[in-house]
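Going down the list, the protein sequences come from chains W and U. For what it's worth, our numbering labels the leading residue of the first sequence as 153, then goes sequentially. For what it's worth, our numbering labels the leading residue of the second sequence as 21, then goes sequentially.
Hint data in this document are derived by calculation from the structure and do not stem from the laboratory. Here the structure is a predicted model, which is why all the values come from computation and not from measurement. Think of the CB as a built atom: it goes at the ideal place given N, C-alpha and C, for glycine as much as any other residue. Wrong hints could be hidden among the right ones.
Covered stretches of chain U (chain W as the covering partner; in silico rule of three or more C-beta atoms under 8 Å from a C-beta of chain W) [claimed, not checked]: (1) 33-45; (2) 153-160; (3) 269-279.
27 Å max Cα-Cα, derived DSS-like pairs, lysine-lysine [what the hints assert, rightly or not]: (4) W/K160 with U/K270; (5) W/K583 with W/K497; (6) W/K261 with U/K41; (7) W/K320 with U/K41.
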Amino acid sequence: MNLDIAIKVDHVSKSFRIPREQRNTIREHVIRFRKRMVYESFQALNDVSFEIRKGEFFSIIGRNGSGKSTLLKILAGIYSPDSGSVVVNGELSPFLELGVGFNPELSGKDNVYLNGMILGLSKLEIDRVYQKIVDFSELDRFIHLKVKNYSSGMHVRLAFSVAVHANKEILLMDEVLAVGDANFQVKCFNVFEQFIREGKTIIFVSHDPGPVQKYSDRVMYLESGKPAFIGRADEALSRYMYTDVIDKGTGDQMAKPSRDDSVQGKTTVVIPGSTGETPETPEAEQLQRKAEKVIEITQVQVLNEHQQPTRELNHGTCFYLHLHYSILQSLTEPVFGIIIHDQKKRVLFTTNTYIEKVKIGKIDPGNIIITYRIDNYFSTGKYAISSVVSDRTQRIFYEWKDDVFNFRVTNMKRLENSGGVDLPHEITIEKNPV
Amino acid sequence: MRASVIKNKSNHWEVIWMLAKTDLKMRYQGSWLGAVWVFLKPFCLFLILNFVFSSLFYENNPTYTIRLLVGLILWFFFSEATTVGMNSLLSKSDILRKIYIPKWIIIISATVHSGLAFCFNAIILFLFLIGYQVFPDIWHLLIFFIYVVLIYGISLTFSFFAAPLIVRFRDLNQIWEVLLQVLFYASPIIYPITAVPPKVQTLLYINPMTLLIEHSKVALVDHSVARVDHLLIFIAIFIPCFVGSMLYLKSASRNLIENM
Numbered sequence: 153m154n155l156d157i158a159i160k161v162d163h164v165s166k167s168f169r170i171p172r173e174q175r176n177t178i179r180e181h182v183i184r185f186r187k188r189m190v191y192e193s194f195q196a197l198n199d200v201s202f203e204i205r206k207g208e209f210f211s212i213i214g215r216n217g218s219g220k221s222t223l224l225k226i227l228a229g230i231y232s233p234d235s236g237s238v239v240v241n242g243e244l245s246p247f248l249e250l251g252v253g254f255n256p257e258l259s260g261k262d263n264v265y266l267n268g269m270i271l272g273l274s275k276l277e278i279d280r281v282y283q284k285i286v287d288f289s290e291l292d293r294f295i296h297l298k299v300k301n302y303s304s305g306m307h308v309r310l311a312f313s314v315a316v317h318a319n320k321e322i323l324l325m326d327e328v329l330a331v332g333d334a335n336f337q338v339k340c341f342n343v344f345e346q347f348i349r350e351g352k353t354i355i356f357v358s359h360d361p362g363p364v365q366k367y368s369d370r371v372m373y374l375e376s377g378k379p380a381f382i383g384r385a386d387e388a389l390s391r392y393m394y395t396d397v398i399d400k401g402t403g404d405q406m407a408k409p410s411r412d413d414s415v416q417g418k419t420t421v422v423i424p425g426s427t428g429e430t431p432e433t434p435e436a437e438q439l440q441r442k443a444e445k446v447i448e449i450t451q452v453q454v455l456n457e458h459q460q461p462t463r464e465l466n467h468g469t470c471f472y473l474h475l476h477y478s479i480l481q482s483l484t485e486p487v488f489g490i491i492i493h494d495q496k497k498r499v500l501f502t503t504n505t506y507i508e509k510v511k512i513g514k515i516d517p518g519n520i521i522i523t524y525r526i527d528n529y530f531s532t533g534k535y536a537i538s539s540v541v542s543d544r545t546q547r548i549f550y551e552w553k554d555d556v557f558n559f560r561v562t563n564m565k566r567l568e569n570s571g572g573v574d575l576p577h578e579i580t581i582e583k584n585p586v
Numbered sequence: 021m022r023a024s025v026i027k028n029k030s031n032h033w034e035v036i037w038m039l040a041k042t043d044l045k046m047r048y049q050g051s052w053l054g055a056v057w058v059f060l061k062p063f064c065l066f067l068i069l070n071f072v073f074s075s076l077f078y079e080n081n082p083t084y085t086i087r088l089l090v091g092l093i094l095w096f097f098f099s100e101a102t103t104v105g106m107n108s109l110l111s112k113s114d115i116l117r118k119i120y121i122p123k124w125i126i127i128i129s130a131t132v133h134s135g136l137a138f139c140f141n142a143i144i145l146f147l148f149l150i151g152y153q154v155f156p157d158i159w160h161l162l163i164f165f166i167y168v169v170l171i172y173g174i175s176l177t178f179s180f181f182a183a184p185l186i187v188r189f190r191d192l193n194q195i196w197e198v199l200l201q202v203l204f205y206a207s208p209i210i211y212p213i214t215a216v217p218p219k220v221q222t223l224l225y226i227n228p229m230t231l232l233i234e235h236s237k238v239a240l241v242d243h244s245v246a247r248v249d250h251l252l253i254f255i256a257i258f259i260p261c262f263v264g265s266m267l268y269l270k271s272a273s274r275n276l277i278e279n280m
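Generate the whole structure from the sequences, applying the supplied hints.
Below, the structure written as structure tokens:
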């Protein structure tokens with residue numbers, strides 16, 4: 153294997169058999185001996201392949217049930233894949249959860265040793281870093297206290313301290329960063345950055361776009377057990393959040409019988425009127441934009457409330473976005489959408505023609521202008537627009553372009569606002585209510 | 021098809037000892053008599069059985085008491101080790117679900133306590149042997165040690181099979197409890213093997229503990245070596261069983277955690 157590769161995941165699939173009825177005792181097995189066990193199969197991972205280079209910060213994002221945790225557990229060796237292989241090149245320290253094996257009846261010190269050994273350290277190694285662990289956790293005074301008497305914050309601090317001192321080449325992290333108070337979080341991020349500087353390979357699973365955006369070299373977006381995208385962080389995040397919004401937006405349709413018969417609540421968007429003949433999209437199409445262009449964004453304009461082109465918008469007014477596209481091949485019911493981010497890449501707003509139930513129908517080659525009229529509730533600051541055009545299932549992206557236009561919002565009456573938007577609101581106070 | 025390869029250097033024995041130590045602390049914390057229970061449990065039973073059987077049936081056999089003690093202590097070792105070994109994976113499921121640890125580590129660390137308890141009890145046993153003036157020489161002690169190792173071996177063999185199985189069949193616990201009762205009476209503990217007709221003796225030898233207990237009594241009390249050929253046959257059967265149990269544990273471990 154190439155020595156630059158830290159982890160190679162090759163066509164890994166994993167499914168779980170979920171019995172409709174639980175049979176845990178022999179009696180139950182005997183009574184229902186003749187009846188076959190009825191299982192539902194849930195495909196948690198479906199033919200996942202990717203490689204992680206040494207020293208890379210690789211993030212995995214995806215919704216609940218998309219297979220993130222299963223993948224991480226396979227990487228950690230807790231689950232075995234049904235098919236395919238995982239090769240880990242180097243020592244790996246999994247912190248899927250902090251404080252594995254912590255025993256509340258033992259003292260903090262004993263738990264440091266216990267947890268450290270479970271994480272793969274030898275006693276000598278722990279002896280060497282023990283004082284560092286204690287210092288880092290800021291629990292010097294309480295280290296001989298039984299862990300059951302710790303507050304949850306202390307508990308987590310101790311566990312995190314042990315974990316970061318386990319010091320392996322490859323780290324698997326499952327959302328362990330959101331621990332402790334603000335001070336401790338800063339410390340955690342410092343350690344994190346130190347790991348990155350030391351060239352450790354980090355596999356990070358999170359829902360939090362902040363660190364993913366900030367640190368990742370590459371991001372994998374998992375969707376229903378398949379990598380829907382591997383590549384740049386902003387694009388993966390946009391897709392993740394964009395589809396997230398779409399799914400929530402169509403929540404009312406989720407109750408309809410879905411074509412998807414797996415057990416978990418599924419992410420498939422069921423389009424009203426669709427007869428279920430939606431063609432299965434070849435994987436290649438999902439993984440990358442179509443090689444052949446079918447549509448292209450040609451021009452973007454932002455107009456203020458007086459329909460004048462501008463880049464400066466006044467808070468509290470309305471504005472118009474004109475997105476000009478040139479259609480190269482005829483499309484049936486495409487979905488046009490936008491994402492507005494702030495400078496920190498936080499997604500503030502998304503919309504599309506599907507959510508808004510705009511009838512589009514068939515479009516022949518030519519030009520088309522999509523106009524969005526938006527009430528300007530944005531706070532003072534700079535914003536960027538991404539343009540997204542997809543098919544009606546929102547699974548094939550015809551075009552996805554980030555930062556097609558930037559605009560600035562000024563003239564907000566209130567200066568103090570750390571949020572991304574300033575919504576019209578009132579505050580009333582009632583003293584000594586009856 | 022291949023599972024994950026983890027190249028972490030092995031600190032397995034340290035982990036085993038650490039888990040076992042934690043286990044020990046947990047077991048005796050908040051208990052007044054603490055580790056004394058290790059002696060008390062078998063000795064209470066020993067006193068009762070000795071009172072009932074030696075005064076009723078074996079009044080004219082001076083070594084009955086010491087033979088009973090040998091059998092009981094070995095039996096306690098076996099029944100403890102198999103019971104905790106069988107339940108070990110299930111009881112450590114919180115760790116196993118979060119991190120990769122070879123399953124045999126968990127099973128062995130669970131049985132460490134039984135081993136230590138046996139050592140303590142063996143000291144008492146040796147005091148009795150001295151008291152009865154039948155303390156064996158070093159060779160017979162060594163032979164006894166082989167039997168002890170074999171008892172631990174069959175306990176592990178059983179645990180390697182039972183620990184993954186109990187995850188799917190939880191009532192294995194209850195079944196084993198009953199079976200242990202049966203095996204207790206099917207082992208020459210409270211009676212000498214010669215007390216039963218030869219045909220029944222052959223039947224009793226199906227129980228692996230029969231041979232080990234009987235031979236231990238012979239080594240410790242009579243200072244001789246009983247039927248080496250039997251022992252060799254026993255070992256010849258034991259080794260493939262042990263290897264089989266390790267292979268079974270390995271293959272059963274593949275999809276074990278998700279069913280926990």
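Checked hints:
no.	hint	in the structure
1	33-45	holds (count 6)
2	153-160	violated (count 0)
3	269-279	holds (count 4)
4	W/K160 with U/K270	holds (23 Å)
5	W/K583 with W/K497	violated (41 Å)
6	W/K261 with U/K41	holds (14 Å)
7	W/K320 with U/K41	holds (26 Å)
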